[in-house]
Amino acid sequence: MEYVLAALVGLFIAIGTYLLLSRSVIRMLIGLTIFGNGVLLLIFTAGRLTREVAPIVPDGMEVPAGPIANPLPQALILTAIVIGFSMFAFLLVLAFRAYQSLDADNTDTMRLAEPENAPNPPLSY
Amino acid sequence: MNTVIFRTLAPLIVAIMLVFSVYVTLRGHNEPGGGFIGGLIAAASIAVFGMAAGVNTVRRSLRFDPMAVAGFGVVLAGISGLASLFTGSPFMTSIWFYVEFGNSIIPLSTPLFFDLGVYCVVFGTLSAIALSLESDREEDL
Amino acid sequence: MGGRGVAALGSSLEAGIGLAAVAPFVAAILAPFIQRFAGAFAGWILAIVPASIFIYLLGFADTVIHGHAVASSMEWIAAYGINLSFLVDGLSLIFALTISGVGTLIILYSGAYLKGHHHQGRFLGFMLAFMGAMLGLVLADSLLALFLFWELTSVTSFLLIGFDHSRQAARRGAIQALVITNIGGMFLLAGAILVYQLAGSWELSAVREMGEVLRGSDLYLLVLICFLGAAFTKSAQFPLHFWLPNAMEAPTPVSAFLHSATMVQAGVYLLARMTPSLGGTDVWTNLLVVFGGVTLIWGALGALKQTDLKQILAQTTIASLGLLVLLIGLGSTYAIAAMVVYFVAHAFYKAGLFMVAGAIDHEAGTREITALGGLAEKMPVTFIGAALAALSMVGLPLTIGYFAKEEMYLGLMSGEWTAILVMIVLIAGNAMLAGVALLVMIRPFLGEAVATPKKAHEAPIAMLAGPILLGAGGVVAGILPDWLGHEVLVPGASAILGRAVESHLTLALDVTSLLLWLSVLTWVLGILVYRQADAIRTVLRRFDKALGWTADTVFDAVMFSLIRFSGAVTRLLHHGQLEFYLVIVFGALAVALFGPMLIWGGFDWLVPTAELGDWSRRLVPPDLAPYEWGVLALAVLGLAAVVIAPSRLIAILSLGAQGTAVALIFLLFGAPDLAFTQLMVEILSVVVLTFVMTRLRLDQRDHRPFEDWARDGTLAVVCGLGVSLLLMLVLNGTLDTRLSDFFTATSVPIAHGHNIVNVILVDYRGFDTLGEIAVVMGAGMAVLALLRRQRKPAAAPAGAEGKKRVRKPRKAAS
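Chains as they are written, first to last, in this note's numbering: chain D, 1 to 125; chain G, 1 to 141; chain L, 1 to 814.
Since the hints were derived computationally from the structure, they do not count as laboratory data. Treat each hint with caution, since some may be false.
Short derived list, chain D residues pointing at chain G, Cβ under 8 Å [to be verified]: (1) A54; (2) I56; (3) G60; (4) L78; (5) V82; (6) S86.
To give an idea of the interface, some chain G residues facing chain L are shown, with a C-beta separation under 8 Å as derived from the structure [stated by the list, open to error]: (7) N30; (8) V74; (9) G81; (10) E138.
Label-pair restraints from in silico Cβ distances [stated by the list, open to error]: (11) G78/G with I563/L: 43 to 51 Å; (12) I644/L with L112/D: 29 to 37 Å; (13) E75/L with I43/D: 39 to 47 Å; (14) I644/L with I43/D: 45 to 53 Å; (15) R695/L with G78/G: 53 to 61 Å.
For glycine and all other residues, C-beta sits at the position ideal for the given N, C-alpha and C.
For reference, chain D alone in the conformation it holds in the complex (with noise of 0.2 Å):
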């Protein structure tokens, strides 16, 4: 079964990737949040999987009576959840606003950064 996930992981990777190569700034947010899931899948699948067993001691017992799922990448995949959010969160705003002061949701008209025909450097001391 875990070559399925490896697969599915594989398909948010081609997904993400195809999306974020889009000239338009909302896809390739979406693309960026479909890869990082696909990531997280990534990680949690290469933690190996385990049906069903939370990773928590069942109460007056000292360590867990069985196998259980693996508690690591699980705690990895925590945080990164919350801060891929936050990332999303921040940069679905900063595309929101560079399309109002510039108008512009496609990549190849934001050049105020990197202007078309930038000057040569000045040659003088």
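We have chain D; now place chains G and L onto it with these hints.
Below, chains G and L alone, put in the same frame as chain D:
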């Protein structure tokens, strides 16, 4: 979205969600939950409340600026880590102490306060983002 | 080695060696504050630092004269066996005393020269910092410390030349000096590393014992080129000499100190220091003598070309540096003795003459030799200083310059044709320098008085102290040949050669000796040059004009083409199209994924082998329950819908669908915390996206030209496939569960928590989480800052219409 049903039910839903978020956070050390999830639930409730009652009402009823709550959270988490300095152990070493409260013993610990700090940060930041996006939209319409 | 060895002095004295190099830096930091408080007296106060270093170093003289060296070392980078070690022997002591002694006078001089300049404090600070670097350079025993101080002198020199940074010429001079000397610095570093590889030690005192090893090595030529590259750039040897005249854009004290007496001598010092390790071979002798000789003649001719006093002196400095290099190249006892004496003589008279030039400029308002005359009456003390220095430069008896000249001729009396050739070069060079010395002494001071831009009068005492003391020093040393021989020549020359040397300096003039007549010949030629100076200048300038280009024009061309080249590269790589940046990023990702797998056999597991079984055995249907298939199908459907979404609402909803699918996968495989979190995030994402997206334009379809579509699609498929294969490869391997096992086993006993994931987050990895929540908060603040509205002033015309339309895109509003 601003139907009467939604506006009437929203405060109720928000109240339940907020209480639930605190419950999820506090039980986090032993059962599924924790500061991240609790904060997210609380922030989502604030977002819902904002849609129903308007941003200004929410801001008034929050009393504190959400970013201030987030800042408080970072400080709280940092201080709970620093507490270990008094026992002479490295930064972030947890300290446990048990408070007798009537018949039950309530275990308190620095990780608990750390988790509350996480809760405050996630709740504060995300509700600040949601509220300012909402107010941005309100002014635009 | 004779009786040479390392003397054991008191540890406090030894520790002080390093302190001597550090103290000026401390003073440099304090200089601006002292200048602010003390004003005009800052020079006097700060001169205490070099003066006390001078006196402190004098304390070593006795030990060093008796043939001992004093070493001091402390650990620096212990892991690499690098020490911060210092060594005081004859050579370094002569240089260090010159630096601190001349430095004292220069600091005094600067206090008066730049009086009232609003950056005087900064200037004094730079000067002191340079002095510290230079002292460190000559006292360092570790090659790495030497390199460090070497580069520091380049940097401080850059700051000093560009001190008057509002003038383009100063900036150009500063950049030129920095570029040229730093190229040399890189050579030095390479050479130091090579020497370490060959000799096995960073310590110069150890390296000098390894001369045979170094000279016999296959890499000898490479090492030699590295050290010569360093020395020739620093000491302005032809054809890398051109930065030195341009460095004259610096204030005169800088020229007097850095570009005559000290910094440019660092190259000479390095060559002298490396003589026992690298010297003595044919290639060493040939290279040094040829380059030194050409530089000598070139500099002397250059001096005759100029009319600006500072430029004349700068060119003679180049000539003198060439002479010193030539003498080191000859390497005979006489030549090295001559080099030591000439170095001291040169430091005395050249620093003095520069200070005189500065005084003339300061008091008369011009440095043009053709616009000056008869200043002796108005500036008698300055004239005395100038005359003493110039006579030493001419090399008259009773001055130190005389002995320098005698010694160099003495070494070339063998009568071989090469010796005669070198002798002719030396006599020609010395004669021209003598002519220039007379020119500098006589033209401005004697003859008819000429009206100058400023009404000339005597310079203040702080500016006179230098020329007078240095000039007098030159004469005193010239009257006391025994002292000069035993206290300067012998320790210096023995330290360079690594064996005991005897002095035979004497005041007696022997009329039957050819030596005296060679000196006389030099003087006569010098007088001739002086009398014909104007004619020579005209001829030389005509020649220059015919040539049409100089080393300067070449340097400019190289620098500008470098700028153009970097501009072209920047435009090529930094073209401003996000799409192509991303194509490169994902292309690199594909290469990073597939490259290692191809190289290290990452696909072997795909091939059926006996061990793993063939495909039919491995191709078993995955053991997934129907509801699990359903979740996976939801994810796939969500993804597909996002790509082909015809409207933004559907795009948002399908994004939510795939996110929910991810949450469900987490839930199915034992991660309830993740599932909750992911679900909440998906809800919030949809909410936030709806807020923003409803106000953004989203094209109905993702229009891409076919070639873009093909390129993006290929990249996407390759990256996706690569990640899948990599993950499968990882799954084939074994999982290292030590960390997870530790967390699982100790979560309850140590951390008192039953939810292991939460325990990891808030306890075991609490520090990480603290950083992460700080990032979350930072992102939140950034969002708020972006969303904050700039309230338009009430008077703005748009205000009348109401706030509602203000935030429309600018284009639409106008």
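Here's how the hints hold up against the structure:
The criterion of a C-beta within 8 Å of any C-beta in chain G is met by A54/D, whose closest approach is roughly 7 Å, and the hint holds. Below 8 Å, beta-carbon pairs count as interface contacts, and I56/D has one with chain G at about 6 Å; its hint therefore holds. Because the smallest distance between the Cβ of G60/D and any Cβ of chain G comes to about 11 Å, over 8 Å, the interface hint for this residue is violated. The interface hint given for L78/D holds, since its Cβ lies 6 Å from the closest Cβ of chain G, which is under the 8 Å cut-off.
For the restraint placing V82/D at the interface with chain G, the shortest Cβ-Cβ distance is roughly 5 Å, inside the 8 Å limit, so the hint holds. The interface hint given for S86/D is met, as the beta carbon of that residue sits about 7 Å from the closest beta carbon of chain G, less than 8 Å. For N30/G, the suggested interface contact is upheld, since its CB lies about 4 Å from the closest CB of chain L, less than 8 Å. The restraint placing V74/G at the interface with chain L holds, with a minimum CB-CB distance near 6 Å, inside the 8 Å limit.
Hint on G81/G holds. Least Cβ distance to chain L is approximately 6 Å, under the 8 Å limit. The beta carbon of E138/G is not positioned within 8 Å of any beta carbon in chain L (closest approach about 10 Å), and the interface hint is therefore violated. Between G78/G and I563/L the CB atoms are about 48 Å apart, so this pair conforms to the stated range of 43 to 51 Å. Taken as a hint, the range 29 to 37 Å holds for the pair I644/L and L112/D, whose Cβ atoms sit roughly 32 Å apart.
Hint check: E75/L to I43/D, Cβ distance near 44 Å, so the stated range 39 to 47 Å holds. With their beta carbons about 28 Å apart, I644/L and I43/D fall outside the hinted range of 45 to 53 Å. The beta-carbon spacing between R695/L and G78/G, approximately 38 Å, falls outside the hinted interval of 53 to 61 Å.
Checked against the numbered hints given earlier, this structure breaks hints 3, 10, 14, 15; the rest are met.
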